[in-house]
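Colleague: Now for the letters of each chain:
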Amino acid sequence: MRERTKRKILAFTSATLAVAFVASLGWGVYQYQMLQQYKLETENNYQRALNDLVTTLNEVETSMAKVKIANTPVQQLLYLGETWKGSIDAVGNLSELPADEVGINYVDTLVNQVGDFSKTMSRKIASLENMDSEDLKIFNDMHERVIETNRSIQKLANEFYTENLPWVDKPPGLLQKMGFGKSMRASAEGGESEGQDEQAGQQEQQQQGQQQTPTSLRGGLQQLDASLQKYPPFTYQGELDKHIVAKPLGLPDGEINENKAVAVAKDFLQNIGYKEATPQVTGLSQEPLGGFDLTYKDAYLEISKKGGVVTYFRDQREVSDRKLELKEALGKATQTLAKLDWKLDVTSTQDFGSYVQIELVPSEENVRLYPDKIRLTVAMDNGQIIGFDASPYYAYHHKRNLKPALTMAEAKEKLKKDFKILENRLAVISKIGTEEALCYEFRGTAYGEEYLVYINANDGSEEKISRVINTPNGKLIQ
Amino acid sequence: MHSYRNQHKRKVTVIVAAALIFCLFLSAIAIAALGDRTLGQGSRGSEVKDLQKRLTQLGYQLGKVDGIYGEKTAAAVTRFQKERGLKADGIAGKETIAALKKLTGESQNASGKQVGFKNSDVQLLAQCIYSEGRGEPYVGQVAIGACVMNRIKHPSFPNTIAGIIYQPGAFSAVDDGQINLQPDETAFKAAREAMNGSDPTGGAIYYFNPDKTSNKFIWSRPQIKKIGKHIFAR
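In the order they appear, the protein sequences are chains U and P. Mapped onto our numbering, the consecutive letters of the first sequence carry residue numbers 86 to 563. Mapped onto our numbering, the consecutive letters of the second sequence carry residue numbers 2 to 235.
Only chain P is shown next, with the shape it has when bound in the complex (with noise of 0.2 Å):
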């Protein structure tokens, strides 16, 4: 009798720390925050996750963001790696990561405090860029992003980069859905230098590829010059 309830004790015990132990486990891997570990190829979870996410926020294209450490997801780390002067390797660590959220946090005011984001636009804009002139030059891109900026100063034109993207007819990658396309480095970094205010068409607030249209209204417009495929135009 004694020792059956014994038994029963332990069998008790037993079963209720290995619950306990699954549970810490669960949780540890719930509550797994970005910068815990070293993560790498063949890394799982909602860690790899955030460290997707951070990239494509960059500008870093690596398929779908799916908490996957893939062989994209690595090419991305090493690009990163190699542009901000770390060690590239490919495996996100402790420097890695600590730069890649650095990069990545909110913009704060004098006292330190959080602001928020403020760059909100540039992924809009270099949307529009890679999805209008992915293929053109560098300096091509950024002049498609200059056009949009040239707008929002034109008075015929919606006051904001939002506006005039998706006003209806204004640009063709809108209305056939590859501005949803997921934009390159390069499409950024033209995006942020036509932010910035630089403009090499010379005010264009129109652009064309003369190949591809009839448009007899654009084609009066009068030209300024031709870079790439693309003809610009005020």
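This is chain U alone, in the form it adopts within the complex (with noise of 0.2 Å):
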């Protein structure tokens, strides 16, 4: 009896044990099929971007040699916009490869600029102007360094498709992990510990400069950016790179010191409704509109070290119930700014509910000075300014010309005649790069839409078109 109870169980258990190995079997089946599923159709995106890359690259090569032979605007013209939209795409197909994220940064660059100065010489062109010999020099060292970058991605393309190299390098094994075995990589680390991914990839960016043979597509990558990092960079007149201005134009003469940056602290938090506040310097920063930073209960300071100026503030505090109507704000913040010696005709306001966001700028012989501008955050709350940004105002402000050579009616006869005016003023608006132009602005409609339409008061040109529409926040300015 107990000898059929025991074999009983066992075979129990044993048949349970099979059903769980089979049931285990099958789901691992399952995940690695799965798992397959999922690379292929990763790597299929990377394939495509690739192809695409070493198309569109070639395309822009080629585009940027007509462009140097062209000799008529409409030529010129087509070829530049097939250059600049080739290097669109470029870029676009750059930044889906799986590469590092610095690891490609020069070709990202170049193709960048090339785009980018392609822009500029089109609209340069298109205002019937030539290129003059340093455009061409900087336009023919752009298509040399083109015509290299894409000789040697077609290359890499080519060795990874007929030599069947992975995108990446392999991961260290399990085994390897755990410190059993020596990989490539391991050894390559240096003997960095796990999570270190970055700085690997640092490391095999190195070593794999050194070997002329890539293992991977994104070791290759690597190895081509890392041959181009020799050649000097540009310098020419573009859109890209002027988030930051070197040397601000606005900030006052003089250095201060920290004793003087908090007393300026002090004073604008005065002005803004903090009696008796006591801000502190709580770090520096390598800025040329910044140097000190403060901070008293939740606001966060920065004041300029030449000029000692606020150049931001941002009052971090909680806004509770929205109390006031937007217009009853913009009186408080203007009597507010009048406090801090401001006097400026807002712009835009985006109402966000507890908060408003509002764009003022100066103006200055009745001219609306754009690029100076002050961004302002307005607590709906108790109406108290709990966000300034004057980094444009003290980056851009300088003393301008502002005597026209056209009169409005001149500037007038320029629009089209659909076009319904219904404000207009003399206004500076900057263009490519930090150079500005001194227009007239006519705000009105036309085909059911509003637009403001920029006539330079110098030269008569049509310098730039906005569309404005109406948001559920209020006026947007495309």
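Treat the hints loosely; a few may be bogus.
Footprint (simulated), chain U over chain P, 3 or more residues, beta carbon under 8 Å [claimed, not checked]:
| # | region |
| --- | --- |
| 1 | 101–109 |
| 2 | 165–176 |
With a straight-line Cα cutoff of 25 Å, these simulated PhoX-like cross-link-like pairs (lysine-lysine) come out [what the hints assert, rightly or not]:
| # | chain 1 | residue 1 | chain 2 | residue 2 |
| --- | --- | --- | --- | --- |
| 3 | P | Lys-227 | U | Lys-351 |
| 4 | U | Lys-360 | U | Lys-408 |
| 5 | U | Lys-560 | P | Lys-114 |
No lab work stands behind these hints: they were computed from the structure. All values derive from a computational prediction rather than experimental measurement. Don't be surprised by glycine CBs; every beta carbon is placed ideally from N, CA and C.
Dock chain to chain to rebuild the complex, using the hints, since each chain is given by itself in its own frame.
Modeller: Next comes the structure, spelled out in structure tokens:
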């Protein structure tokens, strides 16, 4: 009897184990298949990006060659346009490849700059100017480098297909991770611990820079990128990389020390509504518009070392229930600004409920200075200014020549006849880079749309067109 | 015979009428639109789902969009009402729903024609800020958004917000999937402020947590300042 029970238990246990084994095997196979499926889908995307990149870059190179010989604006504009568009596509493709973030910086930069420069040249030619000898030299240099990059990428793609390289180098196996056996990667990392992939990538790049055959596409891209680093950077006038102004134009003279920074912050906070504030310097910053970072309660301020002015302020306090209407809040903000010695015109407001974002610009001789704008955030519980960003003002404000050569009537002549003008004034607007233009600004409607059209007040050319739409939060200028 | 037929007729009429009422009831549920009735805790259905979707779109976290008006939804409605200066009772009445509909509506051109939503990137930038910088001070969150915006203008990076955020290896929160967390209201605010051009970093394009990275490249970048736990660099 006992023997039978035992046997029964044994049979039952082994049957259960067998079923469990088969089930887990099935599960494993299914998971493996799923993994393969996902891998295939991901790699298909990479494949497409790589092929597109090779094709587009080749087209960019060809168009650039054609720009050089074209001698009429029509053909020049056509091929510059192709270069510009192709560059944008190529940058998109590059960003989809499994390279390290910093792995393809130089390729990215080169292609982006080619596009940017082509755009600048298109504008130049469209306003009936010619590419001068300096422009042509930059363009030729860019072309040379694009030829080389194009060849390298084609070579890499070719190697990738013929030698069946993987997209990325194999990560270390489980055994190697546990410390058994030495993988190529582990030795390259020089004994670095886990979780420092980025650093590993760097060292991998160096190592592969020495070896000449890449072991993966990622490695190959890094190699290619490293080979471009030997070239000097381009200097040209374009739209990219103007987010920092190396030399601010609007900061007052003189340098201040820490004590003075505290005094400036205290004064500012006092005017904004914090009596007896005791701000403290909590950090130093290395930027042309900064110097001292200060905090007081939830407020954060940046005071410039040169000139000693508040360039950025943000109060991070909780904003309680909305009690004000937009108009009241604007009124209160204007009063506070007056206390701070600012006289500005509101150019746009965005209402987000508990707070509003406002943009304001100064005027000089009745000319609006759009580059010198100030951004405000106003709390809707009590109308206090909780955000103040004057960095554009201090970056761009300077003495300008504000005498127009054209009269308003002459500028009006340049507009389309269907355009119904609602408002007009003189204004300075920013162009490419740090360039600016004195323009007549016309706000008006046509074809059911609202527009802002800017006519250059010196040469009468159409500088810029903006479209105005009504979003749920306020007017938006596109 | 006669009475039987009458009886039969009545039966048919009753059945047809019942079916009709049932159909009407069903269609009333199916086509019930947000704003038809006041919603409050305990309400259910497609209208509640619509309400939840719109609140989430504005950045009010309320958990899952499930069509059930629970405590979290009521709390989100209350927060919305407070921020809009409405009566803060957590009940979605006519006024609240009208305000919500207006704010989540499309943009219009001068002649009133709908021209689509114009803030589609705010959501993605808020996701990036939330997944990379939740727990950081508000200015630190704006700073993360500003880094993304600065990269758009920088030649070494892709030219769109999505291109920058999804560039392989660019953000750790994208690699580990945290980017898909639903951002909170603070992250949305920070995203709007950064997209509007505000930049507390002074032109940074990189940031890192000095306690967590030993990446030589990132340490070699010229540092600008420290906000919260992050060092910002160019």
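Colleague: Taking the hints in turn, state whether each one holds.
Modeller: Right, here's what the structure says about each hint:
1. 101–109: As far as the region 101–109 of chain P goes, the hint holds, because 6 residues have Cβ atoms under 8 Å from chain U.
2. 165–176: Per the Cβ count (6), the hint holds.
3. P/Lys-227 <-> U/Lys-351: holds, 22 Å
4. U/Lys-360 <-> U/Lys-408: holds, 22 Å
5. U/Lys-560 <-> P/Lys-114: With a Cα-Cα distance of about 14 Å, the restraint between U/Lys-560 and P/Lys-114 holds, given a limit of 25 Å.
Taken one by one, the earlier hints all hold for this structure without exception.
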